[in-house]
Each structure stands twice: as C-alpha cells, then as structure tokens.
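First to last, the sequence lines map onto chains A and B.
Residue 1 is where the first sequence starts when you use this note's numbering, and the numbers rise one by one after that.
Residue 341 is where the second sequence starts when you use this note's numbering, and the numbers rise one by one after that.
Honestly, the hints are just simulated from the structure, not real lab data.
Each hint should be verified, as a subset may be incorrect.
In silico lysine-lysine, DSBU-like type, Cα no more than 35 angstroms apart, as pairs [stated by the list, open to error]: (1) A:Lys98 to A:Lys124; (2) A:Lys51 to A:Lys218; (3) A:Lys227 to B:Lys661; (4) A:Lys110 to B:Lys464; (5) A:Lys94 to A:Lys149; (6) B:Lys567 to A:Lys330; (7) B:Lys567 to A:Lys227; (8) A:Lys110 to A:Lys124; (9) A:Lys51 to A:Lys227; (10) A:Lys177 to B:Lys661; (11) B:Lys660 to B:Lys670; (12) B:Lys567 to A:Lys98; (13) A:Lys218 to B:Lys670; (14) B:Lys674 to A:Lys124; (15) A:Lys51 to A:Lys94; (16) A:Lys149 to B:Lys499; (17) B:Lys391 to A:Lys227; (18) B:Lys391 to B:Lys661; (19) A:Lys334 to A:Lys98; (20) A:Lys321 to B:Lys391.
Because the structure is a prediction, the values reported are computed rather than measured.
Protein chains: 2
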Amino acid sequence: MNANFRVTRRALLALAAALLAACAQIAPVADPLPSWNEGAAKSAIVQFVRKTTDAASPQFVPPAQRVATFDQDGTLWIEQPMYAQLAFALDRVKDVVKAQPSLAGEEPFKTVLSGDRAAMTRIKTEDLLKIVAVSQSGLTIETFHEVVKNWAATAKHPKYGRPYTELVYVPMLEVMKYLRSNGYRTYIVTGGGQEFVRAFAEAVYGVPPEQVVGTMFKLDYAIRDGKPTLTNAPALLFVDDSGGKPVGINMMIGRRPQAAFGNSGGDQQMLEWVTGGTGARLGMLVLHDDAQREFAYGPAAGLPASHVGSFTQALYDDAKKQGWTVISMKSDWKRVFAFD
Amino acid sequence: MNANFRVTRRALLALAAALLAACAQIAPVADPLPSWNEGAAKSAIVQFVRKTTDAASPQFVPPAQRVATFDQDGTLWIEQPMYAQLAFALDRVKDVVKAQPSLAGEEPFKTVLSGDRAAMTRIKTEDLLKIVAVSQSGLTIETFHEVVKNWAATAKHPKYGRPYTELVYVPMLEVMKYLRSNGYRTYIVTGGGQEFVRAFAEAVYGVPPEQVVGTMFKLDYAIRDGKPTLTNAPALLFVDDSGGKPVGINMMIGRRPQAAFGNSGGDQQMLEWVTGGTGARLGMLVLHDDAQREFAYGPAAGLPASHVGSFTQALYDDAKKQGWTVISMKSDWKRVFAFD
Numbered sequence: 001m002n003a004n005f006r007v008t009r010r011a012l013l014a015l016a017a018a019l020l021a022a023c024a025q026i027a028p029v030a031d032p033l034p035s036w037n038e039g040a041a042k043s044a045i046v047q048f049v050r051k052t053t054d055a056a057s058p059q060f061v062p063p064a065q066r067v068a069t070f071d072q073d074g075t076l077w078i079e080q081p082m083y084a085q086l087a088f089a090l091d092r093v094k095d096v097v098k099a100q101p102s103l104a105g106e107e108p109f110k111t112v113l114s115g116d117r118a119a120m121t122r123i124k125t126e127d128l129l130k131i132v133a134v135s136q137s138g139l140t141i142e143t144f145h146e147v148v149k150n151w152a153a154t155a156k157h158p159k160y161g162r163p164y165t166e167l168v169y170v171p172m173l174e175v176m177k178y179l180r181s182n183g184y185r186t187y188i189v190t191g192g193g194q195e196f197v198r199a200f201a202e203a204v205y206g207v208p209p210e211q212v213v214g215t216m217f218k219l220d221y222a223i224r225d226g227k228p229t230l231t232n233a234p235a236l237l238f239v240d241d242s243g244g245k246p247v248g249i250n251m252m253i254g255r256r257p258q259a260a261f262g263n264s265g266g267d268q269q270m271l272e273w274v275t276g277g278t279g280a281r282l283g284m285l286v287l288h289d290d291a292q293r294e295f296a297y298g299p300a301a302g303l304p305a306s307h308v309g310s311f312t313q314a315l316y317d318d319a320k321k322q323g324w325t326v327i328s329m330k331s332d333w334k335r336v337f338a339f340d
Numbered sequence: 341m342n343a344n345f346r347v348t349r350r351a352l353l354a355l356a357a358a359l360l361a362a363c364a365q366i367a368p369v370a371d372p373l374p375s376w377n378e379g380a381a382k383s384a385i386v387q388f389v390r391k392t393t394d395a396a397s398p399q400f401v402p403p404a405q406r407v408a409t410f411d412q413d414g415t416l417w418i419e420q421p422m423y424a425q426l427a428f429a430l431d432r433v434k435d436v437v438k439a440q441p442s443l444a445g446e447e448p449f450k451t452v453l454s455g456d457r458a459a460m461t462r463i464k465t466e467d468l469l470k471i472v473a474v475s476q477s478g479l480t481i482e483t484f485h486e487v488v489k490n491w492a493a494t495a496k497h498p499k500y501g502r503p504y505t506e507l508v509y510v511p512m513l514e515v516m517k518y519l520r521s522n523g524y525r526t527y528i529v530t531g532g533g534q535e536f537v538r539a540f541a542e543a544v545y546g547v548p549p550e551q552v553v554g555t556m557f558k559l560d561y562a563i564r565d566g567k568p569t570l571t572n573a574p575a576l577l578f579v580d581d582s583g584g585k586p587v588g589i590n591m592m593i594g595r596r597p598q599a600a601f602g603n604s605g606g607d608q609q610m611l612e613w614v615t616g617g618t619g620a621r622l623g624m625l626v627l628h629d630d631a632q633r634e635f636a637y638g639p640a641a642g643l644p645a646s647h648v649g650s651f652t653q654a655l656y657d658d659a660k661k662q663g664w665t666v667i668s669m670k671s672d673w674k675r676v677f678a679f680d
C-alpha cells in the first residue's frame, strides 16, 4: 500500500455516522413497556410513538414539537385516600401552629389539629388552599424544597406504610421514559403546587424543574441579610386545574402538546386542548379499578364515587366521544408499583 | 491477514466515538464573537463559557444547569424612541376603536388617536398597560400571533425605516448562539408581553416559545364553535419586570441561571438573583452610548436620561459593586445591526 491518504474531516464524519447507524441496527429491540399487558392501551401508546417519530409517516412530528403532559395525582402516583400534598400540609400545620399559636383556635386549623380524619375530608376547597398556603408561606424556595424532601423521606402512606414517592406507577414511568427516548419532553401538569412537586420531580420522575407546571403561589423577591431571596407569599397566583391546565400549559410551554395523560375531571380540559389539535394526538385516562393492588373508585366503572379525583360517567362518555383511551389499572397493568 | 474479526457493538461504538473526537479536533476554531472588539466585555463572555464548560474546571457547570437569561428591549433589540410593543399597541388602537367606537372618547385612547407623539410619551404606566391589554384582549392566542407577525412584517421604525425585527443587535445574537453551542439554553426574560415576544422569538432569536418569560395576561379557556380555545382576557396575571424578573425566572425555569444580560433598572433584580448564586456567574449590562449607530442615553455615562430603559448612576454603581460588566455599544461592538 503506497498511496498517500488524506483523511478529510468530511470523510471521517461520514464514516463515524455510518458506524453509529450500524451500531443502532445491531442494538436489540426490547419491549419499552414491559409492565403493560398487550391490549388497546399499550397499542395506542406504541402506535402513537411510531407514527409521530417515523420521518416517512404523514403524521411525523418534528422533535421540537414533541411534548407530552402528565397529570400527577392519580395518574403518576397514588391520590387516595387524600392528595399527598394535603397529607404534607396537614403534617405541616403542627409546625406552623407552633410558630403562630393563635391559629390553633381558628378553622380550618382547629379541625386539622383535632386529628379527626373524617372531619378533615369534609374541609372545603378554599380552606384546603388556606392550609396549603400556610404550609409554605414565609419560607424561601430553597427552604421549602428541603422541608418537602424531609417530609417525603419520612412520611408514610396509611395503606402501604411506605413513602409516597414509592407509590408511583411503574407503567407510567415506562411511558415517560419511552416517550423521552423518542425525543419527547415529558411535562408534569398538576393541580398540586409547582414548588411542592419540583422538590422531588427530578429524582422520582426524571422531570426537571422547568417541566413542572403546577398551581403557583405568589413569590416575594427581596434582599435579606445581603442575599437575594425568593419567599413564598400566602396568596395564590394561578390555579393549574381544570380550565387552568390548558392555560398553564400555554404559559409554561407555549405549544400545544401532542399527548396528554390524566385520570379525572380536572384533566378533561387538558385532554380536550391537546387532542383538539391537528395530526396525531394521544389522550389517555387512568381508571382506578384495582381495589386489590391500589384503589377502586369512579362511577364510570360502577365503582364508588370519590371526592378525590373521581372518574365520572360524564368523563367516560366524553372519552368515548373524543377518542381518548381509558387505561384499566386492573387489566392493562402487569404491575402497579416497583415493590409489587 | 487470516484472522477472523468479530466486530462487536462495543468496539464499533468505541471506534465511532474516537473518530468523532478526532473530527472535533480537526475542526477549525473560529472566533465565536466576530462582531465584538477585543476588550473586557468580550473577554468576560469567553472566559465565563470556558470555565463553566471545561470538565476539568473547578467552576464546571453540568449541561442541565446551563441557563442564560436575556432582557429583550434595549438588550437584544432597539427600545428607543419607544418600546416596540407600545408602537404595536398604538397601531392596534385604531383597529380596536373601529370595533368599539365608544373607546374613542376615553383616555388614554383619545390621546393615542390624536396622533400627538409628545402627549403619548406622557401616558402613565397604568394607561399603557390598558392600551396593551386592549390591543390583545378578545383574541385567541393563534390570532394574536398572526396579528403581531403581520405588524412586524409591515411596521417601520421611525429612525431607520426598517422593520423592528431587523433592529436586533448582531453582537447579542452571537452571544446567544455561542452560549447555545456550548450547551446553554438561552431564555428571554422581558417586561414585554410573553405572547407578543413569542410571535417572533423563534424566527428572530432562535428562542422557542417555552423559553420566553414575559408579562402575562390572563387567558380564558373555552369551547367555541366546538373547538377548544385560549383567549386573551383584558387583565394582567403577572408583570415580569424588576422584582418580577427573578419570580418569572423561578416560575418558568425553576433554577437560578448562570448568566444574565440586561440594560436598565428593570433588569437589576434579575442580575442580582443570577449573580448571587455560587460558582461562576456572569452579569452584563448594555450601555447605549452610540448616538451615531443607535441611540445615546443613560446618566451613568453623562448621557441624557430617558423614560425608556435608562441606565442610571445608581445602576452603574451597583454594577461596579457586584462585578457586572458594562458593555459599551460604541466601543465594544464592531457593528450593531446586520445591515451596518
């Protein structure tokens, strides 16, 4: 071999690209959704991903537009017998009353301190918001995150005796991972507090803080002890629930997502907004019909109604009309939790 | 050569990676900031990028945390003699009054319709917000974007006779591109309307909608003619200026950026918040001291004060104290606009 080779940058790049393509073909194709039984729900997800990511598909979606949104409570993790954030806020009330003893005689704090769980379930929404507001107001963002992390590491769910962050649905984690490996950005769009969820979203779901859309409290900016700080104020800025979900999505993302996952009436408008766009869209709703492994509630399946995240007959009818897929926890999921 | 080769996937990947690394070394190193004169400002940017992206640097910043925020008016594009969004809103008032003739007799619309530019510059902030609100309320997000795009394509700046979207600072576009090519996400954080800026941010700055933080109006979600719609309501949700900038950054990004660029008192809190973090931080302020190529204003440089984005002596003193770099448009920039 006597010829002189001049290795150009272009030739090297072409060779490298060809080798990488070859590697990709050698890679084994594993089932991306191993915790899902074969059926309409699993198939809807796989078909949606194929047709929106295959460049030859008429329904191809460019990577920049690949956005999927997930409700949290009842969709990604457990919401019974009460929202995790409410459990957190109730636990926090004791600390807050220690600092402001006058609150002990005022409702709704009086009811909370009584320990009467039945009475607590009857607390009205505006009073719940008062509890949530009090549980974080006056704390800087960083301190609030620490408080939430400490709570998440120690609080136990009454049924399972495990931390709430272990009560996450493995099949949904698989969907998030599958979508991300296909170029989708996965956002959480929750009625829960944005900062509450941010405190653990990256560790639990692999979702970074900029992809958490939630109910927002006002924040005060000030220099304290020479340091710039952001402190939670005891006032709501924005409620990210029901009709607020499309608004929150527009505010934080500025594009209409291609896919949305929910489980209750508070997600209906998000699913309408997402699946109302052109091209391939995916709308899915988790039905809690698995009393053995989790909980069973929702009149749509002849199950008892619930004041927490109920799947009503009206939502079921709307799902049929709109082409949304209902996920049966009982029959679509091989397992629910990682410890199953 | 008689040996049998078994090409494993691992070996191919290693070879491909080695080739790509070789290609990267062969690539010529071009000046990433060709429109900048050599000096303290250019050097501050280059040094910041080097020390935060070199894995061996003690100030290395992991890619997920690489965020830089840019004010728009006066930092990325022209803000004199009036904010572009105000020029847009004033132009829109005529259309709005056509639809609602009763407004013609009411202030501030009466002043706007008089065409008296001097009187217009005296309109108070709350009245300006009224004009801005009226210029977009009742329109769906999609229609509002169309209206803004049409305006941007036709409206001309009074001094240059060119569209506002051509009055963008080339040196700042270079900084954004340079940061992005080093793994930074570049956000616009503007006192201007979030949807106003989104209408052109991707085309003009390469900034996608989810990276535009701005003043937000309330939105109404509803099904109209069978279609889910988001419509601008005539009420403010959030003002992204001064102390609102750190709040808007937290809301939309949920992390403290590593670098921030501004030009006026409305950016001071953003720079405080950003440079108040640990590790390598970059705070920069554009000083408009170039009457020939652009405008000259700002008491800090002995220039006239301006009611639009002024660089005060107090801001200048704060910049010195905080270690922020002042960019002199006149001496740091080889050229200002693409048409120079």
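Exercise. Are Lys218 of chain A and Lys670 of chain B close enough, with their CA atoms no more than 35 angstroms apart?
Worked result: Judged against 35 angstroms, a Cα distance of about 40 angstroms means the pair is violated.
Exercise. Taken at face value, is the distance from the CA of Lys149 of chain A to the CA of Lys94 of chain A at most 35 angstroms?
Worked result: 17 angstroms, holds
For this session: Sort out whether Lys499 of chain B lies within 35 angstroms of Lys149 of chain A, counting only the CA atoms.
Result: Since the Cα atoms of Lys149 of chain A and Lys499 of chain B sit roughly 55 angstroms apart, the hinted pair is violated (cutoff 35 angstroms).
Exercise. For the pair supplied as a hint, Lys334 of chain A and Lys98 of chain A, is the alpha-carbon distance within the 35 angstroms limit?
Worked result: 46 angstroms, violated
Exercise. Given the hinted pair Lys567 of chain B and Lys98 of chain A, is their alpha-carbon gap at most 35 angstroms?
Worked result: 51 angstroms, violated
Exercise. Taking only the CA atoms, is the gap from Lys227 of chain A to Lys661 of chain B under or equal to 35 angstroms?
Worked result: 14 angstroms, holds
For this session: Sort out whether Lys124 of chain A lies within 35 angstroms of Lys674 of chain B, counting only the CA atoms.
Result: At roughly 63 angstroms apart (the allowed maximum being 35 angstroms), Lys124 of chain A and Lys674 of chain B break the hint.
Problem set entry | Satisfaction of hint between Lys661 of chain B and Lys391 of chain B, Cα-Cα up to 35 angstroms | 22 angstroms, holds
Exercise. If you draw a straight line from the CA of Lys110 of chain A to the CA of Lys124 of chain A, is it 35 angstroms or shorter?
Worked result: 14 angstroms, holds
Exercise. Does Lys51 of chain A pair with Lys218 of chain A here, judged by a C-alpha cut-off of 35 angstroms?
Worked result: Given pair Lys51 of chain A, Lys218 of chain A is violated - Cα atoms ~41 angstroms apart, limit 35 angstroms.
Exercise. Going straight from one Cα to the other, do Lys567 of chain B and Lys330 of chain A come out at no more than 35 angstroms?
Worked result: Roughly 34 angstroms separates the two Cα atoms, so the pair holds.
Problem set entry | Holds or violated: Lys110 of chain A to Lys464 of chain B, with C-alpha atoms at most 35 angstroms apart | Given pair Lys110 of chain A, Lys464 of chain B is violated - Cα atoms ~47 angstroms apart, limit 35 angstroms.
Checked against the numbered hints given earlier, this structure breaks hints 2, 4, 7, 9, 10, 12, 13, 14, 15, 16, 19 and 20; the rest are met.
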